[in-house]
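Single-letter residue listing:
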Amino acid sequence: MLVSLNWLKGGLETDNITDDELVKLIGARLVEVEGVIDQTGKYDKIYVVQVKHCEAIEGTHLHLCKIDDAGKATDVERDEDGYVQVMCGAPNVHEGMLAAWIAPGAIVPQTFNTDEPFKIGMRKMLGKYDSYGMMAGADELDFGDDHSGIVELDPKWAKPGRTLSETFGNLDDKILDIENKSLTHRPDTFGILGFRREVAGILGQKHTTEDWYFEPEQNFENDSDIKLEIKIDEQLCPRYTAIVFESVAENKTPYLDFDATMLARSGMRPVNPIVDATNMVMLAFGQPLHAFDYDKFIKVGGTKTPKIIVRAAKKGEKLELLDGAVVELIPDDIIITSNDVPVALAGAMGGASTAIDENTKRVILESATFSLYNLRKTQMAHGIFSEAITRFTKGQPAGQTKAVALRFADKISHYLKPLALFDTQTEAPAPIEVDLTLSQLNGLLGTDFSGQDVKRILENVEFQVTLDDDKIRVVVPFWRTDIHIAEDIIEEVGRLSGFDNIAPILPLHATADPNEMFGLKATIRNHLSARGANEVLTYSFVHGDLMQKVGQKPDNAYKIVNSISPDLQYIRQSIVPSLLDKSYSNLRAGHARFALFEMNQVYPRDLGVDSDNVPQGSYELGFLFADHTENSNYYIVKKYLESLLSSLNIPFEISVFESTSTNSYYEPKRSATIKTADGTILGYIGEVQRRILRDFKLPAGVAAFELKLATILKAEQGVNTKDFRISDYPSVSRDLTLTVSADTEYAKIESAIREILGDFIYSLRPTSIYQAEGSETKNLSFHLEFASPDKTLTKEEIQGIMKKLEAIK
Amino acid sequence: MATIQELKNELKKLNAEYAKIKDLSADQRADFGKQINQKKQQLNAEIAAAEAAAEQEDIVPLDISAPCDINGELPQFLTADFGSKHPLMTELDRVIAIYQSMGFDIAESVQLDDEYHMFDSLNFAKGHPARDGYDTFRTEEGFIPPAHTSTMQNRVLKANAHKLAEGKAIAVAVPGRVYRNEDVDATHEHTFYQCEGVYVSEDCTLGNMLGILREFFEKYYGQKLNIKTQPGYFPFTEPSLEFLIEKPASLGGKGDGWLEMLGCGMIHPNVLKAAGIDPTKYQGFAWGGGIDRLVMLRYGLTDVRNFESAKLDFLKEFAC
Numbered sequence: 001m002l003v004s005l006n007w008l009k010g011g012l013e014t015d016n017i018t019d020d021e022l023v024k025l026i027g028a029r030l031v032e033v034e035g036v037i038d039q040t041g042k043y044d045k046i047y048v049v050q051v052k053h054c055e056a057i058e059g060t061h062l063h064l065c066k067i068d069d070a071g072k073a074t075d076v077e078r079d080e081d082g083y084v085q086v087m088c089g090a091p092n093v094h095e096g097m098l099a100a101w102i103a104p105g106a107i108v109p110q111t112f113n114t115d116e117p118f119k120i121g122m123r124k125m126l127g128k129y130d131s132y133g134m135m136a137g138a139d140e141l142d143f144g145d146d147h148s149g150i151v152e153l154d155p156k157w158a159k160p161g162r163t164l165s166e167t168f169g170n171l172d173d174k175i176l177d178i179e180n181k182s183l184t185h186r187p188d189t190f191g192i193l194g195f196r197r198e199v200a201g202i203l204g205q206k207h208t209t210e211d212w213y214f215e216p217e218q219n220f221e222n223d224s225d226i227k228l229e230i231k232i233d234e235q236l237c238p239r240y241t242a243i244v245f246e247s248v249a250e251n252k253t254p255y256l257d258f259d260a261t262m263l264a265r266s267g268m269r270p271v272n273p274i275v276d277a278t279n280m281v282m283l284a285f286g287q288p289l290h291a292f293d294y295d296k297f298i299k300v301g302g303t304k305t306p307k308i309i310v311r312a313a314k315k316g317e318k319l320e321l322l323d324g325a326v327v328e329l330i331p332d333d334i335i336i337t338s339n340d341v342p343v344a345l346a347g348a349m350g351g352a353s354t355a356i357d358e359n360t361k362r363v364i365l366e367s368a369t370f371s372l373y374n375l376r377k378t379q380m381a382h383g384i385f386s387e388a389i390t391r392f393t394k395g396q397p398a399g400q401t402k403a404v405a406l407r408f409a410d411k412i413s414h415y416l417k418p419l420a421l422f423d424t425q426t427e428a429p430a431p432i433e434v435d436l437t438l439s440q441l442n443g444l445l446g447t448d449f450s451g452q453d454v455k456r457i458l459e460n461v462e463f464q465v466t467l468d469d470d471k472i473r474v475v476v477p478f479w480r481t482d483i484h485i486a487e488d489i490i491e492e493v494g495r496l497s498g499f500d501n502i503a504p505i506l507p508l509h510a511t512a513d514p515n516e517m518f519g520l521k522a523t524i525r526n527h528l529s530a531r532g533a534n535e536v537l538t539y540s541f542v543h544g545d546l547m548q549k550v551g552q553k554p555d556n557a558y559k560i561v562n563s564i565s566p567d568l569q570y571i572r573q574s575i576v577p578s579l580l581d582k583s584y585s586n587l588r589a590g591h592a593r594f595a596l597f598e599m600n601q602v603y604p605r606d607l608g609v610d611s612d613n614v615p616q617g618s619y620e621l622g623f624l625f626a627d628h629t630e631n632s633n634y635y636i637v638k639k640y641l642e643s644l645l646s647s648l649n650i651p652f653e654i655s656v657f658e659s660t661s662t663n664s665y666y667e668p669k670r671s672a673t674i675k676t677a678d679g680t681i682l683g684y685i686g687e688v689q690r691r692i693l694r695d696f697k698l699p700a701g702v703a704a705f706e707l708k709l710a711t712i713l714k715a716e717q718g719v720n721t722k723d724f725r726i727s728d729y730p731s732v733s734r735d736l737t738l739t740v741s742a743d744t745e746y747a748k749i750e751s752a753i754r755e756i757l758g759d760f761i762y763s764l765r766p767t768s769i770y771q772a773e774g775s776e777t778k779n780l781s782f783h784l785e786f787a788s789p790d791k792t793l794t795k796e797e798i799q800g801i802m803k804k805l806e807a808i809k
Numbered sequence: 001m002a003t004i005q006e007l008k009n010e011l012k013k014l015n016a017e018y019a020k021i022k023d024l025s026a027d028q029r030a031d032f033g034k035q036i037n038q039k040k041q042q043l044n045a046e047i048a049a050a051e052a053a054a055e056q057e058d059i060v061p062l063d064i065s066a067p068c069d070i071n072g073e074l075p076q077f078l079t080a081d082f083g084s085k086h087p088l089m090t091e092l093d094r095v096i097a098i099y100q101s102m103g104f105d106i107a108e109s110v111q112l113d114d115e116y117h118m119f120d121s122l123n124f125a126k127g128h129p130a131r132d133g134y135d136t137f138r139t140e141e142g143f144i145p146p147a148h149t150s151t152m153q154n155r156v157l158k159a160n161a162h163k164l165a166e167g168k169a170i171a172v173a174v175p176g177r178v179y180r181n182e183d184v185d186a187t188h189e190h191t192f193y194q195c196e197g198v199y200v201s202e203d204c205t206l207g208n209m210l211g212i213l214r215e216f217f218e219k220y221y222g223q224k225l226n227i228k229t230q231p232g233y234f235p236f237t238e239p240s241l242e243f244l245i246e247k248p249a250s251l252g253g254k255g256d257g258w259l260e261m262l263g264c265g266m267i268h269p270n271v272l273k274a275a276g277i278d279p280t281k282y283q284g285f286a287w288g289g290g291i292d293r294l295v296m297l298r299y300g301l302t303d304v305r306n307f308e309s310a311k312l313d314f315l316k317e318f319a320c
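Line by line, the protein sequences are chains A and B.
Each step along the first sequence adds one to the number in our numbering, with nothing skipped, and position 521 is 521.
Each step along the second sequence adds one to the number in our numbering, with nothing skipped, and position 206 is 206.
These are calculated hints, taken from the structure and not from any lab test.
As the structure is a computational prediction, the values presented were derived from the model and not from experiment.
Cβ coordinates follow ideal geometry from the N, Cα and C atoms, glycine included.
Covered stretches of chain A (chain B as the covering partner; in silico rule of three or more C-beta atoms under 8 Å from a C-beta of chain B):
no. : segment
1   : 487 to 500
2   : 507 to 516
3   : 521 to 533
4   : 555 to 566
5   : 738 to 747
6   : 766 to 780
Modelling step: build the complete structure from the supplied sequences, incorporating the hints.
And the structure:
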């Protein structure tokens, strides 16, 4: 929303505050100001001039004009009468008219604040005519898109020689660009009246809204010949006010008027006097209005007099809108009908069949409020984001429809004469009252306000406040549809007086509990990264194709219905596929050998739901090792796994691979299940299937492991699995090579060695596994160190041990 | 069963046969082409299956318990200076550590939630336009990858309500991954991280909230900081504020600029009620802000897309 600071400041006492300070205060206490568009100087050196002579130049579309600027411009040549010569190509230029003249040295307003401001000077035209400055069209003045001619000014109040800025009040303006989202709950501030009231409150000034707003007076009598029937559904349309007008002048003006300049500054475009007046009233009070052609309205409905029925749309109904688009209505749409025939999409846009035009004789003006919930759906379903619906979806108060409609009638009286007013509301609802206590207010904010402070702060913005000791009773004005409870009032007091005036004070409270999951993740992060692995983050959303590539069933994944792209359509079932997906680009970028890991939550559907009926997730660690060779990376991955689990002090076993719904990418013959001693599954490790690697353009041998972190946390901890003893006696260092049959499992041999050395303080390190080509046996070599905890081992004892070891098969 | 070679030969024959199509009349061609194509598809499928089976047979099981391959070298870790922690996670750990030092428990946010936790329990009226502001994704079942960590407020309040009965305060920080349906560019990601704070006691005030937030950012940036607020609107807090800090010296601040850090406010009575906490006896405050931006500011990063890219070129800049 764009707000003219000039308009806003009208009626406020702002002499003692600079614009910058005022904008800062607005930002601190009312709304986020996204930016300030400074238009100061935009209309400098632009004057009202009278065209004294106007002579068509044959064979061209140009006129040679002499204009009277009352001698204001400098740097121009003047004729004996003091007039300035300027060429004009506009078809509507004529002798005697008042025009807006951009004098030499001025910037064309349309280009003001752009990268290429265009400065006007003197030009020689057709090779012989000096042309000073230019007479401007509405588009060049940045008051609309109209390029059909130059603007004409009303001689009733425009005087040659005055600046355009003076002529229209003051065009040296600053425009506040307001972030609408921060006012979602404040329909009242979507009009200058409400916005200004707030600013008054912030400045500590009392704002008083004029009486007509509370008790609108109808200064015309209803013409008894005019009959109009309104039927509303109060759920959809709490109040509907209508005024029937008859046209007393053609709905157009030859002149540029103040409204056009203010509409332009508010981000809107002038159209014609009636539409402009509805828009100006909307900008002033936040109440959108709509004008129907009376005669078209009754014709469409087939009635003698208008019968307005507001109802929900029916499925299949269609409506052609003002902009020519035909929309298929949804049952959430609210529609205005003429005797049940749809003529407007309420709150959003009028219909083509009842649009006013130059032949309109009578007008029905609508000033109504609608359910913001329905309009929100209308907005989404039809993609209509007009200034009107932006206001309606904030929930405009029903209290002002009649006052605003009458305000419009006053404003448009040169064009439309009111005949009769109709209103569905017969009695205003009782205002909301909120009770609170002063101690409650100070207790929530941490402040020390007196009752009188609170009363003053709230009354500045037209709440009614009664104090009774600690008790505060607040009568809420009808436009504050957002205020219902004590906390709402407390917010108002804190905000208007400035939250920044509240002293920040630390509370005292107990100590914190550690979070084991974060502790675990930090340990893993440190452990793996210290061993050259890289922690990554990848999206929780994956493509269905990615799942299929790795053999996971998309059926087992939650599907996003409004995903940004197919790449992000499913919630992933495990981490490793994401790592596979990111490996090729890293290999290609020249990283020949790397380890990636990620810790995150995954949500395969078969985990079911938790006690809240929300999908159950699982914290997982995924780890992947890739290099550019075709060598197996199983053993390096295993080394990382073992070192990690051992640092976490978790005893584990590598056992036969068991497939699940999500671990389908492991090659079963070259993979394993990671289990605790009691058989609880901690995760999986293995080479990724070659077919899958090919799909990812990855070399064979890429391997991965994954661990369930919650299970790791639960796994037995604190049982020490390491031997920290140191022997006081010499330790024996021996190499051992065992020849065993080729299919003997390594683990069997290692545990046999450990059994024999079990009584000693020992260390065991495998050094090689060798198998000659074609041989049916293999050699397993180890380096061993062992010592007795309580004596020096004799040569014979050592030989005895070695003999036992060498006998292992 | 036919060998792969036999199948391939058959395919060749079929291709040769297809050439005959030019000798046929126009009306015969369609049928003929269709037949051949069907046979071709079938053969190709058979070949693929046979190849896959053959490949499977080629795969030699490995000794899952061994330390290395037969005749292979014993594997070595990558050199340590290759390794890196993700900068977002490093930052999150820092943030958590500060909150813990300030007496806050930590609870991580879920990554798939429902309408109740995301909106209903947070005092969003049904169908209220404020829900649109969150640009949520939805699953077919209507579950929501949460758009803010506030989705955890109800759970955190319920799980800790017993502390209030014990005369203690609820003080919890909730970091987590959140999602918004918006187009990605250098400064927008659909996936990002936030950290929420929730505090409830018998008598905590808005002044206490400002005190805690200022303390946090002073610890985080290691300097005294000026703070200020702007009015905000969140259905789940009343009053609602935006919280700003003076741009810290470490980020090049010279006491002029302000940084918008988070949204905050006093917890709405309806939110406490929804969690079974009596709002006439207890009051509290909550806040939530983005983590990604803290990291961007700290390192002077300009493209948020790198965070979820898993690009080593980027991550290695953060090597240990």
